[in-house]
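Sequences and hints are given; from them, build the entire structure.
Protein chains: 2
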Amino acid sequence: MSLIVQKYGGTSVGNAERIRSVAKRIKKAQDDGHQVVVVVSAMSGVTDDLIKLAREIHPTPDEREMDMLLATGEQTTVALTAMALHALGAKASSLTGAQAGIVTDHVHTKAKISDLRPKRVQELLKQGHIVIVAGFQGVTEDNRITTLGRGGSDLTAIALAAALKADVCQIFTDVDGVYTADPRAVPDARKLPEISYDELLEMAGAGSKVMQARSVEFAKKFNIVFEVRSSMNDNPGTLVKKESKDMENVVIRGVSLDKNQVKFTIERVPDRPGLAAKIFNALAEGNINVDMIVQNASSSGEKTTDVSFTITKDDLAKTRKILDPIAQEIKAGAITHRENAAKLSVVGIGMKSHSGVAANMFDALGQAEVNIQMISTSEIKISVLIDLKDAEKATRAVHERFGLSK
Amino acid sequence: MSLIVQKYGGTSVGNAERIRSVAKRIKKAQDDGHQVVVVVSAMSGVTDDLIKLAREIHPTPDEREMDMLLATGEQTTVALTAMALHALGAKASSLTGAQAGIVTDHVHTKAKISDLRPKRVQELLKQGHIVIVAGFQGVTEDNRITTLGRGGSDLTAIALAAALKADVCQIFTDVDGVYTADPRAVPDARKLPEISYDELLEMAGAGSKVMQARSVEFAKKFNIVFEVRSSMNDNPGTLVKKESKDMENVVIRGVSLDKNQVKFTIERVPDRPGLAAKIFNALAEGNINVDMIVQNASSSGEKTTDVSFTITKDDLAKTRKILDPIAQEIKAGAITHRENAAKLSVVGIGMKSHSGVAANMFDALGQAEVNIQMISTSEIKISVLIDLKDAEKATRAVHERFGLSK
Chain F
1 MSLIVQKYGG TSVGNAERIR SVAKRIKKAQ DDGHQVVVVV SAMSGVTDDL IKLAREIHPT
61 PDEREMDMLL ATGEQTTVAL TAMALHALGA KASSLTGAQA GIVTDHVHTK AKISDLRPKR
121 VQELLKQGHI VIVAGFQGVT EDNRITTLGR GGSDLTAIAL AAALKADVCQ IFTDVDGVYT
181 ADPRAVPDAR KLPEISYDEL LEMAGAGSKV MQARSVEFAK KFNIVFEVRS SMNDNPGTLV
241 KKESKDMENV VIRGVSLDKN QVKFTIERVP DRPGLAAKIF NALAEGNINV DMIVQNASSS
301 GEKTTDVSFT ITKDDLAKTR KILDPIAQEI KAGAITHREN AAKLSVVGIG MKSHSGVAAN
361 MFDALGQAEV NIQMISTSEI KISVLIDLKD AEKATRAVHE RFGLSK
Chain D
1 MSLIVQKYGG TSVGNAERIR SVAKRIKKAQ DDGHQVVVVV SAMSGVTDDL IKLAREIHPT
61 PDEREMDMLL ATGEQTTVAL TAMALHALGA KASSLTGAQA GIVTDHVHTK AKISDLRPKR
121 VQELLKQGHI VIVAGFQGVT EDNRITTLGR GGSDLTAIAL AAALKADVCQ IFTDVDGVYT
181 ADPRAVPDAR KLPEISYDEL LEMAGAGSKV MQARSVEFAK KFNIVFEVRS SMNDNPGTLV
241 KKESKDMENV VIRGVSLDKN QVKFTIERVP DRPGLAAKIF NALAEGNINV DMIVQNASSS
301 GEKTTDVSFT ITKDDLAKTR KILDPIAQEI KAGAITHREN AAKLSVVGIG MKSHSGVAAN
361 MFDALGQAEV NIQMISTSEI KISVLIDLKD AEKATRAVHE RFGLSK
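Chains as they are written, first to last, in our numbering: chain F, 1 to 406; chain D, 1 to 406.
It is possible that part of the hints are untrue.
Here are the computed lysine-lysine pairs in the DSS-like style, where the Cα-Cα straight-line distance is at most 25 Å [as the list claims (entries may be wrong)]:
no.	chain 1	residue 1	chain 2	residue 2
1	F	K110	F	K24
2	F	K91	D	K318
3	F	K318	D	K91
4	D	K52	D	K313
5	F	K321	D	K91
6	D	K110	F	K110
7	D	K91	F	K52
8	D	K52	F	K52
9	D	K110	F	K91
10	F	K27	D	K52
11	F	K24	D	K52
12	D	K110	D	K221
Source of the hints: derived by calculation from the structure; they are not laboratory data.
As structure tokens, then:
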């Protein structure tokens with residue numbers, strides 16, 4: 001008998017009918033002779049509704065209270081999923097993150113899992129129960145409810161798979177697997193049968209909606225092979241695992257697009273050592289994830305530079321709040337931000353041993369008349385910041401240039 | 001500095017605007033120099049929506065899972081209320097029932113409070129926080145989420161007031177206080193400045209929506225004086241306390257109407273000792289609250305009797321499920337139920353020392369052409385079961401007969 005961890009995202013459990021359909025799939029896994037642990041997200045739309053409600057009451061709600069609020073979303077789904085399994089005659093019990101032993105640090109709204117104590121999960125499994133665990137949430141050592149941030153339910157599933165030494169970890173979502181590009185932008189995008197952790201990591205970091213980086217990092221660290229697949233059909237998905245020799249023969253695995261970027265520029269930062277560190281330390285302390293960073297010498301010839309960087313839209317207000325006093329303190333100029341930005345990336349572990357990938361990408365963008373605002377590169381990824389209005393056109397151009405539909 | 005416990009019902013926190021308005025009231029209590037603990041219910045409609053959702057998935061949802069589901073309602077409100085207080089510049093922290101130390105037995109959906117360990121509430125108060133506690137919910141010793149049943153938030157407030165030795169306990173609701181009758185049925189009903197625990201108990205048991213019996217019982221046991229008042233205005237409410245000599249001079253304090261009754265009849269129960277006990281034990285084990293009970297000798301002259309009793313509508317399906325096998329086992333006849341029933345009661349501690357109250361009530365009903373189906377009496381209450389269609393007419397007739405508007 002093997003142990004399967006399954007995770008279902010918000011769309012998969014978006015209404016009563018879908019929850020019933022997910023329950024059938026879960027029940028089948030048990031009928032096939034497996035022990036089953038299920039992690040579910042909040043029903044789609046619920047988290048957004050709660051955030052909206054909170055903002056009606058406070059423009060920048062306290063993060064501890066935000067966690068208290070948002071944790072209700074997943075708690076609702078676990079109870080309903082357990083009921084749906086009961087309706088099919090299965091034994092099932094739901095657990096909150098706290099009850100499942102997901103212990104975290106105190107960084108509310110973006111907590112990190114610090115320990116896993118799945119004793120109760122194991123007891124229930126022994127009693128023949130399907131165990132439904134609320135994703136996205138945990139509890140601190142002193143019993144405060146925390147949430148794990150975006151993609152937190154994936155993290156819950158992978159962490160549980162690691163702690164329980166599960167044989168299989170399946171991430172059910174509303175997409176069929178990982179594609180060479182977003183099929184909505186690129187009609188001839190192709191589903192990948194497998195992808196390495198590092199590639200998926202770079203794609204996640206580059207805005208691919210399949211999975212957040214931290215979940216993939218966690219899986220990589222503990223070498224948890226997992227499958228991303230659809231909860232709407234029985235098609236095989238994409239297997240995510242350690243890179244193999246075979247994988248390295250492909251130069252570019254996929255193209256990824258992040259339309260959720262905001263570009264900040266702090267003008268006329270005095271050109272003294274330590275000032276950049278001051279800015280980015282403050283942002284780090286505020287738990288703002290800064291993505292691309294560029295520093296331009298000012299054209300005026302003065303001893304100042306312009307510093308630009310990108311963040312995700314969610315952090316816009318918070319970033320502004322952190323930057324304003326610092327800019328004053330260091331006597332920098334205006335702070336501007338630009339919301340209509342998108343980040344386009346090409347990713348592939350084969351890139352390491354091939355030169356000319358960047359030039360090829362820039363050429364494709366140039367021919368498509370797409371202007372490049374910022375560039376950043378890693379060992380296996382090249383990203384450019386472009387205008388949001390060019391995003392789809394640019395993705396198709398790059399996808400075609402690297403022959404990804406074949 | 002005194003300690004105030006305030007409780008706000010679902011209507012009082014029914015939307016963002018009302019939560020903000022409640023927050024102002026709470027803040028004012030702190031500004032007046034008090035320590036404040038607040039208990040809130042789920043936003044009105046939320047619990048019903050969750051129940052509806054659950055029933056879409058399972059006709060009779062598992063009660064453990066139901067508690068898991070319903071507890072999210074109050075958890076949502078506490079977070080939002082804390083945020084609203086932050087928006088006013090107050091220090092405030094929310095707690096779930098579990099975090100506030102509300103320990104209960106294992107009777108899911110109708111749990112009883114077995115212990116109170118409000119250590120964290122006290123710590124937060126010491127730090128100058130307003131503490132917002134989720135009503136209606138608790139946790140078992142082995143960390144399962146429970147709910148306290150209807151009116152559970154009142155119980156949470158009164159139990160916390162007792163455990164914290166609060167100076168004042170205020171139950172804010174959508175009514176102004178306790179009236180001599182439901183003002184919607186009886187336009188000249190009058191607000192009572194005070195009422196004894198026992199009278200309110202009988203009115204609660206008789207369907208008065210102000211408060212559930214168990215909360216009043218709890219307050220009586222620990223001698224917690226509390227005030228029922230409106231969250232919509234600043235009018236003084238009704239003080240609920242131990243009976244005084246003065247109170248006994250009033251024969252009838254009020255008239256109460258319960259439109260939520262269902263009358264069950266088990267026909268031709270063999271007339272043998274122990275059979276009634278068998279029936280009502282089974283119902284008690286199923287946590288069904290049986291209200292009025294009448295046993296009629298069958299007209300046919302056989303050695304059987306008809307047993308009738310009333311329950312609340314909520315328990316209809318469950319009661320049926322429990323009765324069917326028992327009726328078969330004891331070889332009784334058909335089980336019928338009648339949903340369109342209402343229970344009308346007159347309540348007053350002065351009744352003890354006055355005779356003729358029942359006769360007076362029945363006469364008023366007779367003159368109003370209201371047919372009486374069942375009668376039950378206690379020391380300070382007389383109840384009759386009547387047709388739902390006669391309910392308002394009967395209430396007005398009895399209210400007038402006892403001169404309650406003066």
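Taking the hints in turn, this is what the structure says about them:
1. With a C-alpha separation of about 32 Å, the suggested pair K110/F and K24/F falls outside the 25 Å cut-off, and the hint is violated.
2. Note on K91/F and K318/D: the hinted pairing holds, with a Cα-Cα distance of about 21 Å set against a maximum of 25 Å.
3. The straight-line distance between the Cα atoms of K318/F and K91/D is roughly 21 Å, inside the 25 Å bound, and the hint therefore holds.
4. About 16 Å separates the Cα atoms of K52/D and K313/D, which keeps this hinted pair within 25 Å; it holds.
5. For the hint pairing K321/F with K91/D, the CA-to-CA distance comes to about 21 Å; that is within 25 Å, so the pair holds.
6. Taken as a hint, the K110/D and K110/F pair is broken in the structure, with Cα atoms around 35 Å apart against an allowance of 25 Å.
7. Taking the CA atoms of K91/D and K52/F, the gap is near 22 Å; set against the 25 Å cutoff, the hint holds.
8. Restraint check: the Cα-Cα separation between K52/D and K52/F comes to about 23 Å, which is no more than 25 Å; the hinted pair holds.
9. Using a Cα cut-off of 25 Å, the hinted pair K110/D and K91/F holds, with the two alpha carbons roughly 22 Å apart.
10. Only pairs whose Cα atoms come within 25 Å are accepted, and K27/F paired with K52/D is accepted, the gap being roughly 24 Å.
11. The suggested pairing of K24/F with K52/D holds, with an alpha-carbon distance near 21 Å, which does not exceed 25 Å.
12. Under the criterion of a C-alpha separation no larger than 25 Å, the hint pairing K110/D with K221/D is consistent with the structure, at around 19 Å.
The structure is inconsistent with the numbered hints 1, 6, although it conforms to all the rest.
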